[in-house]
Amino acid sequence: MRGGGRRDRVDVILAILETIYTERNEAKPTHIMYKANLSHKLMEGYFTELIEKGIIEKVDVKGKMRISLTGKGSEFLRELRKMKSFMQSFGL
Amino acid sequence: MLTLLFSPKWFYGIDIAFEIISIIVALLISFYSYKLYTISKKKEHKYFHIFFLMIAIAFVFKIMTNFDLYFDVLQTMQIGSIQVQYISKSLSTIYRFGGLFMYRLLTAMFAYGLYMLVNKKRDRRDLLLFTYFIIVLAFLSYYGYFLFHLTMVMLLGFVSYYYYINCKKLHTINSRLVASGFIMLTLANVVFAVVELDLVLYVLAEVLQLAGFCLLLGAFISVIRK
Numbered sequence: 023m024r025g026g027g028r029r030d031r032v033d034v035i036l037a038i039l040e041t042i043y044t045e046r047n048e049a050k051p052t053h054i055m056y057k058a059n060l061s062h063k064l065m066e067g068y069f070t071e072l073i074e075k076g077i078i079e080k081v082d083v084k085g086k087m088r089i090s091l092t093g094k095g096s097e098f099l100r101e102l103r104k105m106k107s108f109m110q111s112f113g114l
Numbered sequence: 005m006l007t008l009l010f011s012p013k014w015f016y017g018i019d020i021a022f023e024i025i026s027i028i029v030a031l032l033i034s035f036y037s038y039k040l041y042t043i044s045k046k047k048e049h050k051y052f053h054i055f056f057l058m059i060a061i062a063f064v065f066k067i068m069t070n071f072d073l074y075f076d077v078l079q080t081m082q083i084g085s086i087q088v089q090y091i092s093k094s095l096s097t098i099y100r101f102g103g104l105f106m107y108r109l110l111t112a113m114f115a116y117g118l119y120m121l122v123n124k125k126r127d128r129r130d131l132l133l134f135t136y137f138i139i140v141l142a143f144l145s146y147y148g149y150f151l152f153h154l155t156m157v158m159l160l161g162f163v164s165y166y167y168y169i170n171c172k173k174l175h176t177i178n179s180r181l182v183a184s185g186f187i188m189l190t191l192a193n194v195v196f197a198v199v200e201l202d203l204v205l206y207v208l209a210e211v212l213q214l215a216g217f218c219l220l221l222g223a224f225i226s227v228i229r230k
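Protein chains in written order, with our numbering: chain A, 23 to 114; chain B, 5 to 230.
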């Protein structure tokens with residue numbers, strides 16, 4: 023993201039996955055919403071897409087719903103970090 | 005007679021090898037940008053993929069044209085005990101004109117495309133106007149080698165400046181490599197523009213161009229290996 027402009031999909035997905043990763047793979051949906059700076063509607067849209075693609079999953083932790091990364095999701099997060107670095111280095 | 009060949013004889017083939025390395029680097033960056041586009045769906049990433057694909061195809065045209073020119077110069081004929089070196093006319097001037105035209109057109113579109121991309125220019129009228137100028141440039145530069153390279157110096161100079169600012173902002177090794185790569189490509193075009201002064205300058209320009217693409221490769225590998 024440059025100069026506080028509109029974030030792109032890579033930035034948003036990266037923010038979601040980084041939040042899950044930093045919260046030890048058991049993130050509260052509300053935490054993700056705040057840390058990724060998303061509206062509830064937008065967050066649900068991203069969740070649906072990422073769950074369909076097998077990147078994240080909803081898990082039950084002591085009766086409470088949490089979001090966690092799947093094995094594929096961890097790999098995807100590593101790939102997204104590389105992509106972000108590529109975008110920054112090449113000024114995209 | 006038009007001079008199309010500036011390379012010293014000992015450098016024949018070596019420059020083609022240099023160009024093949026540049027093609028590989030351009031294709032790696034192009035395909036990675038496409039992969040990025042499949043996730044981001046951003047037009048910028050799609051255009052970045054297309055522009056690097058263009059420069060890779062441009063080098064293919066350059067190799068084809070150079071190969072034809074070198075083949076002509078090196079072709080020899082044995083008549084009894086006498087060996088005669090002659091210029092073959094097997095492939096027409098149109099082929100060479102076409103090859104050089106495509107090389108220069110695609111290279112100029114690569115440089116202009118990057119210039120538009122880094123400067124966030126989106127005006128379609130500008131795009132149409134500059135596309136017209138690029139076609140005219142590619143056509144006319146057949147008769148004036150330096151004209152094409154001076155234009156490339158201008159365009160790549162602006163692109164390099166953008167990457168220099170980006171590098172100052174980020175302070176990362178990768179951004180330094182990218183900025184240095186584009187500065188090298190600009191310098192290569194400065195030398196290409198004056199190549200008629202001495203054949204050795206062609207070697208220097210090719211080395212600078214290779215160095216530019218190797219620096220871009222360095223940045224790419226550094227990102228991928230993280």
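Read the hints as simulated data drawn from the structure, not as lab findings.
What you are looking at is a predicted structure, and each value in this text was computed from that prediction instead of being measured.
Among these hints, one or two may not hold up.
[What the hints assert, rightly or not] Calculated lysine-lysine pairs in the DSS-like style (CA-CA distance at most 30 Å, straight line):
hint : chain 1 : residue 1 : chain 2 : residue 2
1    : B       : 46        : A       : 80
2    : A       : 94        : B       : 124
3    : A       : 57        : B       : 46
4    : B       : 50        : A       : 75
5    : A       : 80        : B       : 172
6    : B       : 124       : A       : 80
7    : A       : 106       : B       : 172
8    : A       : 63        : A       : 75
9    : B       : 124       : B       : 173
10   : B       : 46        : A       : 104
11   : A       : 106       : B       : 50
12   : A       : 106       : B       : 13
13   : B       : 173       : A       : 50
14   : B       : 39        : A       : 57
15   : B       : 13        : A       : 104
16   : A       : 57        : B       : 13
Evaluated hints:
1. Between the alpha carbons of residue 46(B) and residue 80(A) the distance comes to roughly 28 Å, so the proposed pair stays at or under 30 Å and holds.
2. The suggested pairing of residue 94(A) with residue 124(B) is violated, with an alpha-carbon distance near 35 Å, which exceeds 30 Å.
3. Only pairs whose Cα atoms come within 30 Å are accepted, and residue 57(A) paired with residue 46(B) is accepted, the gap being roughly 23 Å.
4. Between residue 50(B) and residue 75(A) the CA atoms are separated by roughly 22 Å; this keeps the pair inside 30 Å, and the hint holds.
5. At roughly 42 Å between alpha-carbon atoms, residue 80(A) and residue 172(B) are farther apart than 30 Å, so this suggested pair is violated.
6. Distance check on the hinted pair: residue 124(B) and residue 80(A) sit about 39 Å apart at the alpha-carbon level, beyond 30 Å; violated.
7. At most 30 Å may separate the alpha-carbon atoms for a hinted pair to count; residue 106(A) and residue 172(B) meet this at roughly 18 Å.
8. Between residue 63(A) and residue 75(A) the CA atoms are separated by roughly 19 Å; this keeps the pair inside 30 Å, and the hint holds.
9. Straight-line distance between C-alpha atoms of residue 124(B) and residue 173(B) comes to about 18 Å, which keeps the hinted pair within the 30 Å bound.
10. For the suggested pair residue 46(B) and residue 104(A), the alpha carbons sit about 17 Å apart, so the restraint of at most 30 Å is met.
11. Of the supplied pair hints, the one linking residue 106(A) and residue 50(B) holds, its CA atoms being roughly 15 Å apart against a limit of 30 Å.
12. Simply put, residue 106(A) and residue 13(B) have alpha-carbon atoms about 45 Å apart, too far for the 30 Å limit, and the pair is violated.
13. Proposed proximity of residue 173(B) and residue 50(A) is contradicted: the alpha carbons are some 34 Å apart, above 30 Å.
14. Between residue 39(B) and residue 57(A) the alpha-carbon distance is near 27 Å, which keeps this suggested pair within the 30 Å criterion.
15. Between residue 13(B) and residue 104(A) the alpha-carbon distance is near 43 Å, which puts this suggested pair outside the 30 Å criterion.
16. In summary, the hint linking residue 57(A) to residue 13(B) is not supported, as the alpha carbons are separated by about 63 Å, beyond the 30 Å threshold.
Of the numbered hints given earlier, the model fails hints 2, 5, 6, 12, 13, 15 and 16; all others are met.
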